[in-house]
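J.: Okay, here's what each chain looks like letter by letter:
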Amino acid sequence: MVTYIIRRLIGALAMLFIVSAVTFSIFFVVPRLAGVTADDIANRYVGRAATAETVVAVAEKLGLHDPVVVQYGRWVKGIFVGADYDYGSGVEFCPAPCFGYSFVTKQPVWPDLMDRLPVTLSLAAGASIIWLIVGVSVGVLSALRRGSIFDRGAMIIALAGVSLPPFFTGLVALSILSYGLGITAPGGAYVPLSEDPVQWAYSLILPWLTLAFLNAAAYARLTRAGMLDTMGEDYIRTARAKGLKERVVIGKHGLRAALTPIVTIFGLDVGILIGGAILTENAFSLQGLGKYATTAIAAQDLPKIMGFTMLAAFFIVVANLIVDLLYAVVDPRVRLS
Amino acid sequence: MTFLQLKDLKIHFPTDDGLVKSVDGLSFDLERGKTLGIVGESGSGKSVTSLGILGLHKGGRAKISGEVWLDGEELVSASPEHVRSLRGKKMSMIFQDPLSAMHPYYTVGDQIIEAYRIHNKVSKKVAKKHAIDMLGRVGIPQPDRRVDSYPHEFSGGMRQRAMIAMSLSCDPELLIADEPTTALDVTVQAQILDLMRDLQRDFNAALIIITHDLGVVAELSDDILVMYGGKCIEYGAADDIFERPEHPYTWGLLGSMPRLDREVTERLLPIKGTPPSLINVPSGCAFHPRCAFEPRNGGKGRTLVPDLVETEGGHLVRCHLSREERRDIWATEIKPKLES
Numbered sequence: 001m002v003t004y005i006i007r008r009l010i011g012a013l014a015m016l017f018i019v020s021a022v023t024f025s026i027f028f029v030v031p032r033l034a035g036v037t038a039d040d041i042a043n044r045y046v047g048r049a050a051t052a053e054t055v056v057a058v059a060e061k062l063g064l065h066d067p068v069v070v071q072y073g074r075w076v077k078g079i080f081v082g083a084d085y086d087y088g089s090g091v092e093f094c095p096a097p098c099f100g101y102s103f104v105t106k107q108p109v110w111p112d113l114m115d116r117l118p119v120t121l122s123l124a125a126g127a128s129i130i131w132l133i134v135g136v137s138v139g140v141l142s143a144l145r146r147g148s149i150f151d152r153g154a155m156i157i158a159l160a161g162v163s164l165p166p167f168f169t170g171l172v173a174l175s176i177l178s179y180g181l182g183i184t185a186p187g188g189a190y191v192p193l194s195e196d197p198v199q200w201a202y203s204l205i206l207p208w209l210t211l212a213f214l215n216a217a218a219y220a221r222l223t224r225a226g227m228l229d230t231m232g233e234d235y236i237r238t239a240r241a242k243g244l245k246e247r248v249v250i251g252k253h254g255l256r257a258a259l260t261p262i263v264t265i266f267g268l269d270v271g272i273l274i275g276g277a278i279l280t281e282n283a284f285s286l287q288g289l290g291k292y293a294t295t296a297i298a299a300q301d302l303p304k305i306m307g308f309t310m311l312a313a314f315f316i317v318v319a320n321l322i323v324d325l326l327y328a329v330v331d332p333r334v335r336l337s
Numbered sequence: 001m002t003f004l005q006l007k008d009l010k011i012h013f014p015t016d017d018g019l020v021k022s023v024d025g026l027s028f029d030l031e032r033g034k035t036l037g038i039v040g041e042s043g044s045g046k047s048v049t050s051l052g053i054l055g056l057h058k059g060g061r062a063k064i065s066g067e068v069w070l071d072g073e074e075l076v077s078a079s080p081e082h083v084r085s086l087r088g089k090k091m092s093m094i095f096q097d098p099l100s101a102m103h104p105y106y107t108v109g110d111q112i113i114e115a116y117r118i119h120n121k122v123s124k125k126v127a128k129k130h131a132i133d134m135l136g137r138v139g140i141p142q143p144d145r146r147v148d149s150y151p152h153e154f155s156g157g158m159r160q161r162a163m164i165a166m167s168l169s170c171d172p173e174l175l176i177a178d179e180p181t182t183a184l185d186v187t188v189q190a191q192i193l194d195l196m197r198d199l200q201r202d203f204n205a206a207l208i209i210i211t212h213d214l215g216v217v218a219e220l221s222d223d224i225l226v227m228y229g230g231k232c233i234e235y236g237a238a239d240d241i242f243e244r245p246e247h248p249y250t251w252g253l254l255g256s257m258p259r260l261d262r263e264v265t266e267r268l269l270p271i272k273g274t275p276p277s278l279i280n281v282p283s284g285c286a287f288h289p290r291c292a293f294e295p296r297n298g299g300k301g302r303t304l305v306p307d308l309v310e311t312e313g314g315h316l317v318r319c320h321l322s323r324e325e326r327r328d329i330w331a332t333e334i335k336p337k338l339e340s
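If you read the protein sequences in the order shown, they are chains A and B. Counting from 1, one number per residue, gives the positions in the first sequence under our numbering. Counting from 1, one number per residue, gives the positions in the second sequence under our numbering.
None of these hints come from the bench; they were simulated from the model. Do not take every clue at face value.
[Stated by the list, open to error] From the structure, some residues in chain B lie toward chain A, with a derived Cβ separation under 8 Å:
#1 54
#2 57
#3 154
[Claimed, not checked] Which stretches of chain A does chain B cover? Using the computed rule of at least three CB atoms under 8 Å from a CB of chain B, they are:
#4 226–238
#5 327–335
[As the list claims (entries may be wrong)] Okay, derived cross-link-like pairs now, DSSO-like style, lysine-lysine, Cα gap no bigger than 30 Å in a straight line:
#6 A/245 to B/129
#7 B/300 to B/335
#8 A/245 to B/300
#9 A/252 to B/90
#10 B/335 to A/245
#11 B/300 to B/10
#12 B/272 to B/300
#13 B/272 to A/245
For every residue, glycine included, the Cβ atom is placed at its ideal position computed from N, Cα and C.
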């Protein structure tokens, strides 16, 4: 078990290293191949009004003429211990974890990311709890009443849920419930949890439901399929032959096995979601990581995009790690191999 | 009073393709301490019968009629909840493949403890001690340590032993073993059969062994019931079935059995064709399309279902051939080939 954990930890670190190298290559190396020069990048920092000499000087100070490996090393070092940046207006120390400064706002990237994180975390936490509970319950009931009106209705709604993107369902929900009936908060109204928990929940309920609808639908279908599979297993027949009550057969023997793949996917989904629920955040104008990323991409703000990418990758890798460890807890057969 | 009695049990499954008559009018008696072997090919209805006795078809799509009397209680008409309370306690079952029949996520001990505690209000600690006792009794070495193992950590034979321990944990009076040795190595098969014989003697339970392997029933059974197409086609004491079988299908089963004491040059005598579809059961005698002796009764087998009639001392046969014809065929045509 200990070696299993150590192996997974090493794997996770290796994965983060690879992601950082790939990210760096995509944003720094590939543009060079396409003809973007170090001076072009420096130009993004100093602005359009700068003279050619200033641009070259800044590029030199930022080390943009150094070999790629040196630049990558400097970038990684900045993440761990911080780095000095000089845009021609004096040296500034960017404390760790440093992902550089935004081209647009000239602000360091990391504090911005941390500002946005609570919004995305709030969105992900609420939505994932709702979709897990609703999705699994509907899936189990559907499986047990296969072919019933409940099952058919639930599966049609689930199909709709999987097919409809949040920018559609979100906007429809907003226009009806918020702007039409006025029972939910309008878009963009986020209140931090620490200020007022009730207002926090009220401001997020619609985004939660929108996001949960999408995923609950997928989970309902998954759970249903998993339950149908499991309930046909021999060990379910054994459980019944022992004289167990049907409730226990389903809840203890059936669900336990059917939930294992769900746990895996849930961990990954939450990890991905913490890296930014791009569509939902945009539909509700929530200033989370997803919205941050879309804004950064639209402005071609490289340091922001790279910072966001690394943070999102970090959450996904951590989620993967947790899922792997959880898997060993849930399924004893994993512990040995 | 007979301990277990089936009267005209029918278990039919409606499907999109038609009614599947898995069990179609089965009757037999079984006393405590006795062993009945139910023999037949895949799809002959043997497993459906056993699940039907345990009431595991209740609440499903199956249409069940007839009577199952267990120790003075009729089970087909009893409430599912009542039958559930008997399952595992009064009657229990051993399944074919012990790996898939045990839950992979729970330890062997937990599964035995669970079976015990459903029917006995005892603490987990007492139940665990009982589980260790049971594991020791079925011959698992170091049961106090192995009780915390998972099924995948056991070998096939050990798993089947654990399965048997689980089935016996509440002292059942009726034990049904559905192909208990099919998934095991030949050397382990003999050990498991020995174990079951010993345990049955200790527990004085009624035992039903379901198998396609005549060798297994020869080891254990007092009586043998041969099933074909959901019906009993021959029933009798084990000696009668092996010494004086009267149904052409039983002859076929005996002829299909590889035997070490026979000359290697001698070919097996397999039954031609495949088991009947239970949706479109052949008209008349279900076995007639595969029966080598069908022409000898003037085509009756194609239209008329033969009755199950007693030929002698509790030996029942369902065949259109007359008793004399059957005995004659057995003595002159079949037996010499089997013994050559």
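J.: Going back to the hint list, which numbers does this structure go against?
T.: Violated hints (numbers, rising): 2, 3, 8, 10 and 13; every other hint is consistent with the structure.
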